[in-house]
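Residue numbers (our numbering), protein chains in the order written: chain A, 14 to 381; chain B, 88 to 379.
Honestly, the hints are just simulated from the structure, not real lab data. Don't take each hint at face value.
[As the list claims (entries may be wrong)] Computed spacing ranges between beta-carbons, pair by pair: (1) 273/B to 211/A: 24 to 34 Å; (2) 302/B to 225/A: 35 to 45 Å; (3) 169/B to 228/A: 21 to 31 Å; (4) 205/A to 99/B: 18 to 28 Å; (5) 101/B to 259/A: 45 to 55 Å; (6) 205/A to 302/B: 42 to 52 Å; (7) 169/B to 185/A: 25 to 35 Å; (8) 93/B to 185/A: 53 to 63 Å.
This structure is a prediction, so every number in the text was calculated from the model and none was measured. Don't be surprised by glycine CBs; every beta carbon is placed ideally from N, CA and C.
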Amino acid sequence: MLTIGTGNKAVALAVRDAKPVVVAAYPITPQTEIVEEIANYVADGSMDARYIPVESEHSSMAACIGAAATGVRTFTATSSHGLVYMCEMLHMTAGARLPIVMANANRALGPGWNIGAEHSDSLSMRDTGWLQCYAGTAQEAYDATFMAFRIAEHANVLLPVMINLDGFLLTHITQPFDTVDPEGFLPPTSTPHAIDIENPGGYGTLTTGSEHFKFRWDIERGMRDSVAVIKEVEEAFAAKYGRRYDMVEEYRCEDAEVVIIAMGTLGKEMEVAVDMLRNEGVRAGSMRVRWFRPFPVIDLADKEVVVIDRDYSFGYGGILANELRAKCGCRPFSVIAGLGGQDVTYKDIASFVRMREEDGEYWFGVDA
Amino acid sequence: MAIPDEEYILKTTSACAGCPSSLILRYVTKAAGPDTVLVIPACCTSVIQGVYPTTAMNIPVYNVAFASAAAVGSGMSEAFRASGRKTNVICYAGDGGTVDIGIQALSGALERGNDFLYICYDNEAYSNTGMQRSGATPLAARTTTTPAGKTDHKKDLDAIVAAHNPVYQATACAAYPMDLYNKVVKALSIPGPKFMHVLAPCPPGWRFPSDETVEMGKLAVKSGMWVLWERDHGKLAITGASKAAMKKRIPVADYLTRQGRFKGITDDQITEIQAMVDRTIGCLQKEVESEC
Numbered sequence: 014m015l016t017i018g019t020g021n022k023a024v025a026l027a028v029r030d031a032k033p034v035v036v037a038a039y040p041i042t043p044q045t046e047i048v049e050e051i052a053n054y055v056a057d058g059s060m061d062a063r064y065i066p067v068e069s070e071h072s073s074m075a076a077c078i079g080a081a082a083t084g085v086r087t088f089t090a091t092s093s094h095g096l097v098y099m100c101e102m103l104h105m106t107a108g109a110r111l112p113i114v115m116a117n118a119n120r121a122l123g124p125g126w127n128i129g130a131e132h133s134d135s136l137s138m139r140d141t142g143w144l145q146c147y148a149g150t151a152q153e154a155y156d157a158t159f160m161a162f163r164i165a166e167h168a169n170v171l172l173p174v175m176i177n178l179d180g181f182l183l184t185h186i187t188q189p190f191d192t193v194d195p196e197g198f199l200p201p202t203s204t205p206h207a208i209d210i211e212n213p214g215g216y217g218t219l220t221t222g223s224e225h226f227k228f229r230w231d232i233e234r235g236m237r238d239s240v241a242v243i244k245e246v247e248e249a250f251a252a253k254y255g256r257r258y259d260m261v262e263e264y265r266c267e268d269a270e271v272v273i274i275a276m277g278t279l280g281k282e283m284e285v286a287v288d289m290l291r292n293e294g295v296r297a298g299s300m301r302v303r304w305f306r307p308f309p310v311i312d313l314a315d316k317e318v319v320v321i322d323r324d325y326s327f328g329y330g331g332i333l334a335n336e337l338r339a340k341c342g343c344r345p346f347s348v349i350a351g352l353g354g355q356d357v358t359y360k361d362i363a364s365f366v367r368m369r370e371e372d373g374e375y376w377f378g379v380d381a
Numbered sequence: 088m089a090i091p092d093e094e095y096i097l098k099t100t101s102a103c104a105g106c107p108s109s110l111i112l113r114y115v116t117k118a119a120g121p122d123t124v125l126v127i128p129a130c131c132t133s134v135i136q137g138v139y140p141t142t143a144m145n146i147p148v149y150n151v152a153f154a155s156a157a158a159v160g161s162g163m164s165e166a167f168r169a170s171g172r173k174t175n176v177i178c179y180a181g182d183g184g185t186v187d188i189g190i191q192a193l194s195g196a197l198e199r200g201n202d203f204l205y206i207c208y209d210n211e212a213y214s215n216t217g218m219q220r221s222g223a224t225p226l227a228a229r230t231t232t233t234p235a236g237k238t239d240h241k242k243d244l245d246a247i248v249a250a251h252n253p254v255y256q257a258t259a260c261a262a263y264p265m266d267l268y269n270k271v272v273k274a275l276s277i278p279g280p281k282f283m284h285v286l287a288p289c290p291p292g293w294r295f296p297s298d299e300t301v302e303m304g305k306l307a308v309k310s311g312m313w314v315l316w317e318r319d320h321g322k323l324a325i326t327g328a329s330k331a332a333m334k335k336r337i338p339v340a341d342y343l344t345r346q347g348r349f350k351g352i353t354d355d356q357i358t359e360i361q362a363m364v365d366r367t368i369g370c371l372q373k374e375v376e377s378e379c
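When you get a sec, could you build the whole thing from the sequences and use the hints?
The structure is reproduced here in structure tokens:
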């Protein structure tokens, strides 16, 4: 059903349609609207779930862990300081192999206080064992959140999934999007290691180093297998609902000499920049990385690369740029742009391409 | 009420000799029965249950992060209830995981009214990590981080919990299993958030011989350093051995001087602790007599 709403509303509707049994959440800007909407759905009966209004984000993930441990579908949402506050529990979730789905409204971290979009919150969680997807539109926020449950709960994955959406730029911008008839897409939740009273056991007990090592490998195996599961679920979604996604969304890349790579709403903006550059005779293309974990394999042979990061790893570099350097063997021009919600237009993005230099780094709005 | 023969804590634990936590857990689980999940944050019981893939517990035990027990218990209870199950959810946490790092989650869960039982077994220190001070460590007790004796009083956890007005709240002691057992049975019969605070005299931490755990608990109760009571829907009652102890108490010095952790305690500190105990018991007696 075609509707109009914010990215937050799209996420809330997707959660409603996925029918979780427990939602535990704490409000934080700019995620708040997601949990307000869900609280309303539960209150008016359009969603048959238990909504637990916890006292902190650490507890929201803890409550989700307790619920998911019994084998029920579980959701929460957070942002920025909330996400880093629950960091410990993110490790616990992946370690316990609980298929919890969470939306994160990407936002800068203080000080000073800044509520603008930035990927530093979620990217600082990249090693927690969570799958991470970055949405570019409200439609994609809806679709990705809905699909996330099937991916997370797949027997070959059983890992938590984080759907990221840029604070305000996506959470608060009103767009048209289509909701789906959820019937028949999400199978009943099946957690093989759910608490079983008839067969009591210890969960998360003390482990020796060698056993711990095997558990870490199992997480990695789930992460590697998730690539095929993501493709399978997105293919099934396309077959049923007609909207098709890939781990990386390419735009005019076939004959491109220079490729711009980014995530989230910056990734959509650069598609306009590509058209503009093409009109100027620059053979540009763009790649929007949707899934950051597992990290996609991208063929960048014989291409110049410009990467835009709405994040930074201090003392090292733009995080996406460095992942691409390490994983795809390219020597990109790394642009740091849009921190704290800084405005970055398609004209700015086109200008980054014009000033590119191999293996360079440029801080937009800071470098002279 | 007869205590069942069924054992849920088996003879394969990694507990220290004379461990009060395993003693308490034995009666807690007997009272709760097989349809029960234990939620355990980092604490001595993380170790007592043994090393993967074996377990010394005959009911499911879910191990969680230090600060998160009450929140995990909330989510677990809500999920069970949503699925139509009455399964007991019991958070079993030490004093550090309750009065210090876990107090926010505990406060939130009590306020929300989630249906679960939270038990704090209180050995008055971070025993699992080698006996550092916690907010529950009493005045003058020596720990590895208060080598000259703690200069602050024990945090009044029971008053903090009482301020949340849980449906049922009680104290107990490892030395009095029948009192403990009856309270757990009663607590689990009432829907809503329940809280129990159980004294756990710890031989290596408190520095007394490991065959004196029960005796040390009895001294705590007889001196009034620990009072057995319950508050059922707000109404306070003194229970078990404390009913007699309230009438005729032994001096707190008889309890304190039997433990190595109080080596070096001054006469002034003993007087201060005695005065505090007298005051606390006076307040409890007034509350018992009051109508509100």
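Hint check:
1. The beta-carbon spacing between residue 273/B and residue 211/A, approximately 27 Å, falls within the hinted interval of 24 to 34 Å.
2. Separated by about 40 Å at the C-beta atoms, residue 302/B and residue 225/A satisfy the suggested range of 35 to 45 Å.
3. Distance hint check for residue 169/B and residue 228/A: the Cβ-Cβ separation is about 29 Å, which falls inside the suggested range of 21 to 31 Å.
4. Between residue 205/A and residue 99/B the beta carbon distance is about 26 Å. The supplied range of 18 to 28 Å therefore holds.
5. With their beta carbons about 50 Å apart, residue 101/B and residue 259/A fall inside the hinted range of 45 to 55 Å.
6. Between residue 205/A and residue 302/B the beta carbon distance is about 48 Å. The supplied range of 42 to 52 Å therefore holds.
7. Between residue 169/B and residue 185/A the C-beta distance comes to about 32 Å, which sits within the given range of 25 to 35 Å.
8. Remark: the range hint 53 to 63 Å for residue 93/B to residue 185/A is upheld by a beta-carbon distance near 57 Å.
No hint from the list above goes unmet by this structure.
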